[in-house]
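As they're listed, the protein sequences go chains D and C.
Position 348, counted from 1, in the first sequence is what the numbering used here calls 433; the numbers after and before it change by one each time, with no gaps.
Position 357, counted from 1, in the second sequence is what the numbering used here calls 364; the numbers after and before it change by one each time, with no gaps.
Just so you know, not all the hints are guaranteed correct.
Here are the computed lysine to any residue pairs in the SDA-like style, where the Cα-Cα straight-line distance is at most 25 angstroms [claimed, not checked]:
no.	chain 1	residue 1	chain 2	residue 2
1	D	Lys362	D	Asn405
2	D	Lys289	C	Asp200
3	D	Lys118	C	Ala148
4	D	Lys211	D	Phe370
5	C	Lys264	D	Asn589
6	C	Lys322	D	Gly579
7	C	Lys205	D	Ala243
8	C	Lys93	D	Val144
9	D	Lys118	C	Ala405
10	C	Lys93	D	Ala164
11	C	Lys93	D	Pro334
12	D	Lys289	C	Gly198
13	C	Lys322	D	Ala582
14	D	Lys262	C	Pro201
15	C	Lys365	D	Thr543
16	D	Lys340	C	Arg262
17	D	Lys347	C	Glu69
18	C	Lys93	D	Val215
19	D	Lys590	C	Arg262
20	C	Lys131	D	His494
21	C	Lys93	D	Asn201
22	C	Lys264	D	Leu600
23	C	Lys210	D	Thr477
24	D	Lys578	C	Lys322
25	C	Lys93	D	Val125
26	D	Lys289	C	Lys264
27	D	Lys262	D	Asp242
28	D	Lys140	C	Ser94
29	D	Lys578	C	Arg320
30	C	Lys322	D	Phe592
31	C	Lys131	D	Val493
32	C	Lys93	D	Asp159
33	D	Lys118	D	Tyr163
34	D	Lys498	C	Glu185
35	D	Lys247	C	Lys205
36	C	Lys322	D	Ala586
37	D	Lys172	D	Thr161
38	D	Lys251	C	Pro201
These aren't lab readings, by the way, just hints derived from the structure by calculation.
Owing to the predicted nature of the structure, the values given are computational and were not obtained by experimental measurement.
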Amino acid sequence: MSKIQRLLVILAVIAVSFAFLWPTVSWYWLTPKADQALAVGSLEQIRDYARKMAKTDLVALEADAASANPAPLDQTRYATAFQAASKAYDLSKKAKPASWTAKSVLAAFDSEKTANDSIENVYRSKVLSVKSRQKKAIKLGLDLSGGMSATIQANLDALSAKLGHKLSAAERDDAMKRAIESLNSRIDKFGLTEPTIRQQGDDKIYIEMPGAADPTKLNDILMGRGNLGFYMVDSASTSKLENYLAQNPLALDEKTMTVPDKTIVPDGFVIRKQYKKDSYGLDEFTGRYMVINATPGLDGNHITNATTSTDSITGQPETNFQLDKEGGNIFYQMTSAHVKELMAVVLDDKIKAAATISEPIRDSVRMTGFSADEASNLALILRTAALPVELTPVKSQAVGASLGEDAVHQGVKAITVGFVLIIVFMLLYYRGAGINAALAQIINLIIMIGVLSAFGLTLTLASIAGFVLTIGMSVDANVLIFERMKEELREGKGRIAAIKAGFNKAFWTIMDSNLTTLIAALVLSQIGSGPIQGFAISLSIGTISSLFTALFVSHLVFDFETDVLKMKHVSISWRVK
Amino acid sequence: MKRVIQFDKAFKFTVAISVLVIAAGLVGLGVMGFNNGVDFQAGLNSDVAFVPPSMSLTFQGEGSMAFSVTNDDATFIARATTGDSKSYTFAFADYPTLQAMADAFNKVPGVSAQLIAPGSTDSKFLLGTSQTDSALGDKPAVLHYAASGASAIKADATAVRDALKSFGNVSIQHVGEEGSTEYMIRLQDPGTDPEFSKTIVPKLTEELAKTFGPDNVLVKQSDFVGAQFSRSLATQALIAVLAAFVGILIYCALRFKPNFAIGAVLSVIHDALVMVAFIVFTRMEFNTSTIAAILTIVGYSINDTIVIYDRIREKIKFNPGAPFRDNMNRGVTETLSRTFITVATVLIAAISLAVFTKGDIHDMSIALIVGLVSGTYSSVFIASAFVDGWETLAQKKATKRKAAEVAAALAKPAPAAGNKAK
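Okay, chain D solo, but in the shape it has when bound (with noise of 0.2 angstroms):
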């Protein structure tokens, strides 16, 4: 290869790491704090905030427009609205108008609801974006952000005792599931930052919720089971309540779930919101608000299994369950004094489904009217009453903010103190060469962190001390090679001559020695696990990348020298010349 070809291989490489590099940069540095505190809230949360950003718009640029204002509009104020509207007005082909008023924007929109939906998209995208930024950052640590995390084992012997049998394979997934549900609806969604649930291993689950550092919060979320039951829905009231909400968008306090105007819930009476299944399996707000009896009309701990089937003429999916003999009476006289009524499936506060009474029911339930998905969720749901999982934490771990700040500051202090001496001492004892080393330094550092953020891995003081270390030894392959130099140096070779013997009788040396600790690195990467799997990680990357950068980048610069600067020695010690 040419030097040109060379360099731009260089250069390419550095370009990659710098891409990969950028998200963490921008998300850690030019971010806003509060755009931040937006985009780490859930999905549910984003979305809500869409909803009702774009709906007070849309109320106060109505009564602006009834109003027949004809000032221009408040530019800041109004900035997703106007973007909403210029970009309708493009897909239109339609002419922007010459001055933008409340009118104006609201006629480049079809209807009342495509300018709720464009306003509302532009804002969940603005943020979206902000949230991609962050999942593509390096993440930090739990020992470095400050947090809480968990990992709780799910006791399957004991509900195997309590069925009698061994569980099967799919009993096993089936428990695991109603776990990581009943985790799901009991894990504080409104805290300030999305919480991680996910199985690990057979029979474990991992939670982790950054920010929030109180210990006894996971007893909340572990102790007790699920408050499952079956509401009865006051459908007028429901309505009213739509219309309400449908006026003022914002009147619903979400912590309290009442509204200022109480003649709209009678007592006893309360509001709930209803939620299904999104794809990624998560909760998600249907955006529909019903008013439901305060006490449920029979509570969950009455059945005794749930499963689906499909029935046999219509081919629908449906759900069935079934009840315990005094649920099976409770339920009868609920069901008999309710007939064509709304009921509620409600987990937690939450409505998971709802469906009207045909008729009056006794223990053996069928449920329809659900897509195949809907109803194997319900069903997982109302096994979750009938066969709680026990859950009890095995290593929980719990961080101040405070104290991970700390760590930060020591990891990016020990660092830089290590890397600017290892430089000053190439310098030092190398000389001339020692800009060579400091050059692949540097760039093995940046395609280090880059590779980092690329694999999306989390970086922890465990793993800033595997870097700091890893950039000690990835000096060893510029050593190797300068001593071999120094040696053809001495023998009285010139500067071509040398630099050439130095490289090729270097080679076999620095690839067996950093094979060696690759075999090592990759081993341990691949059977252990946590903190030894992201050590043995970042020893890896930083093994392949010195390997790139003394072999490659420093015998560039090497020859750029030779040939371009025309030097004719080589500096590499106080001693030989």
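Go by the hints and put chain C onto chain D.
This is chain C only, laid out in the frame that chain D set:
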């Protein structure tokens, strides 16, 4: 030509010393065991500071308000009912006293701050609530401050121990600068109470609050590890290391000779065991960071050994007739400057880690420094010594065999000797 150092002369001595150190370490391990960290011993580790309250914050109004304190500033993030966010940051540099801070907090819409500590206190001593990113509400959230002198909470290790008497096996360790009232409290899980993992955290805070007052306890960090988890981590680490050894063994056997491979793995095991001896005798906490340190040294030591082997192999190629010992001494001598420079750069990194970090990572760096010295030493005095011993033995056997053959050839009639010559 540089003078060749006769390394082999020291081998008997160094091997004896290494064996002694390792044997002592293993005996120590057998007698005392590791000072197991929370990763390997079921129980709860809590970092608790006893600090007086500085002010209480309440929030009343629409939406929600979150509050956090860092080393430089305090931040409020307001979220309106629409979900629209706004943040207010107050740097300690701009509001030098707690009074100034409280006044500034009171200007945030909906927030009211009630000063508890003397208003003239330097604001940089402000600490958050134990619930760091706390959502504020009607219930006052208590902030703390790092008090000194008369206003500091009287909480020495004995007082903390007395407060936790009911827990049985408790270990209390002072954290931070002298005079601070921060402790690492370790409670072992006796394994008798199945509800231990769920109830221990609130129980601990409750007991401490009883003695020191509920507003004077700040839990900075807490780690709980259950028995099953700690066991699985230990076995997993061991399996990982053994598998790494096998990988190294195979690669070295392919690239070098089998005796080189065994020597390399022996030297790596040597380093791991020297570190174990160090960890056992200094009573350093044995946790995942220490395991990571041992793994790093496994990686480093193998690298160092291979470089030296490579040079010895090259010497043998150029000088096939010379005794192995001469080639080895020459190879080790020639790579000596590289050995020193490389270990120096890694030591720079490890020392800077040791100087600038605290806690686990600091311990890990100290273990690394020991391991680095051992890894460098073992490449010469264990790995090369092993191959030297092997080759010398083989050469001796070969000479003996040759001598025997010669003797046999002399004793037997001529035709047999002639056959051999073919």
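Here is what the structure says about each hint:
With a C-alpha separation of about 19 angstroms, the suggested pairing of Lys362(D) with Asn405(D) holds against the 25 angstroms cut-off. Distance hint between Lys289(D) and Asp200(C) is fulfilled; the C-alpha atoms sit about 20 angstroms from each other, no more than 25 angstroms. For the suggested pair Lys118(D) and Ala148(C), the alpha carbons sit about 22 angstroms apart, so the restraint of at most 25 angstroms is met. With a C-alpha separation of about 20 angstroms, the suggested pairing of Lys211(D) with Phe370(D) holds against the 25 angstroms cut-off.
Between the alpha carbons of Lys264(C) and Asn589(D) the distance comes to roughly 23 angstroms, so the proposed pair stays at or under 25 angstroms and holds. With a C-alpha separation of about 23 angstroms, the suggested pairing of Lys322(C) with Gly579(D) holds against the 25 angstroms cut-off. Of the pairs offered as hints, the one joining Lys205(C) and Ala243(D) holds, with about 17 angstroms between alpha carbons and a cut-off of 25 angstroms not exceeded. Restraint check for Lys93(C) and Val144(D): the C-alpha separation of about 22 angstroms stays at or below 25 angstroms, so the hint holds.
A distance of roughly 76 angstroms separates the Cα atoms of Lys118(D) and Ala405(C); the hinted pair therefore is violated under the 25 angstroms criterion. In summary, the hint linking Lys93(C) to Ala164(D) is supported, as the alpha carbons are separated by about 17 angstroms, within the 25 angstroms threshold. At most 25 angstroms may separate the alpha-carbon atoms for a hinted pair to count; Lys93(C) and Pro334(D) meet this at roughly 21 angstroms. Restraint check: the Cα-Cα separation between Lys289(D) and Gly198(C) comes to about 20 angstroms, which is no more than 25 angstroms; the hinted pair holds.
The suggested pairing of Lys322(C) with Ala582(D) holds, with an alpha-carbon distance near 21 angstroms, which does not exceed 25 angstroms. With a C-alpha separation of about 24 angstroms, the suggested pair Lys262(D) and Pro201(C) falls inside the 25 angstroms cut-off, and the hint holds. For the suggested pair Lys365(C) and Thr543(D), the alpha carbons sit about 21 angstroms apart, so the restraint of at most 25 angstroms is met. Our distance criterion of 25 angstroms between C-alpha atoms is broken by Lys340(D) and Arg262(C), whose separation comes to about 68 angstroms.
Distance check on the hinted pair: Lys347(D) and Glu69(C) sit about 18 angstroms apart at the alpha-carbon level, within 25 angstroms; holds. Straight-line distance between C-alpha atoms of Lys93(C) and Val215(D) comes to about 16 angstroms, which keeps the hinted pair within the 25 angstroms bound. Our distance criterion of 25 angstroms between C-alpha atoms is met by Lys590(D) and Arg262(C), whose separation comes to about 16 angstroms. With a CA separation close to 17 angstroms, the supplied pair Lys131(C) and His494(D) stays within the 25 angstroms bound.
Simply put, Lys93(C) and Asn201(D) have alpha-carbon atoms about 24 angstroms apart, close enough for the 25 angstroms limit, and the pair holds. Simply put, Lys264(C) and Leu600(D) have alpha-carbon atoms about 17 angstroms apart, close enough for the 25 angstroms limit, and the pair holds. For the suggested pair Lys210(C) and Thr477(D), the alpha carbons sit about 17 angstroms apart, so the restraint of at most 25 angstroms is met. Distance restraint check for Lys578(D) and Lys322(C): the Cα-Cα separation of roughly 20 angstroms lies within the 25 angstroms cut-off, and the hinted pair is therefore satisfied.
A C-alpha spacing of about 14 angstroms is found between Lys93(C) and Val125(D), which places the hinted pair at or below 25 angstroms, so the restraint holds. For the hint pairing Lys289(D) with Lys264(C), the CA-to-CA distance comes to about 45 angstroms; that exceeds 25 angstroms, so the pair is violated. Between Lys262(D) and Asp242(D), the direct Cα distance comes to roughly 16 angstroms. Compliance with the 25 angstroms bound is thereby established for this hinted pair. Using a Cα cut-off of 25 angstroms, the hinted pair Lys140(D) and Ser94(C) holds, with the two alpha carbons roughly 23 angstroms apart.
As the CA atoms of Lys578(D) and Arg320(C) are separated by approximately 24 angstroms, the hinted pair is consistent with the 25 angstroms bound. For the hint pairing Lys322(C) with Phe592(D), the CA-to-CA distance comes to about 16 angstroms; that is within 25 angstroms, so the pair holds. Proposed proximity of Lys131(C) and Val493(D) is supported: the alpha carbons are some 19 angstroms apart, at most 25 angstroms. Only pairs whose Cα atoms come within 25 angstroms are accepted, and Lys93(C) paired with Asp159(D) is accepted, the gap being roughly 20 angstroms.
In summary, the hint linking Lys118(D) to Tyr163(D) is supported, as the alpha carbons are separated by about 21 angstroms, within the 25 angstroms threshold. Distance check on the hinted pair: Lys498(D) and Glu185(C) sit about 23 angstroms apart at the alpha-carbon level, within 25 angstroms; holds. Our distance criterion of 25 angstroms between C-alpha atoms is met by Lys247(D) and Lys205(C), whose separation comes to about 22 angstroms. Distance hint between Lys322(C) and Ala586(D) is fulfilled; the C-alpha atoms sit about 16 angstroms from each other, no more than 25 angstroms.
For the given pair, Lys172(D) sits about 17 angstroms from Thr161(D) by alpha-carbon distance, which is consistent with the 25 angstroms threshold. With a C-alpha separation of about 23 angstroms, the suggested pairing of Lys251(D) with Pro201(C) holds against the 25 angstroms cut-off.
When each numbered hint is compared with the structure, violations occur for hints 9, 16, 26.
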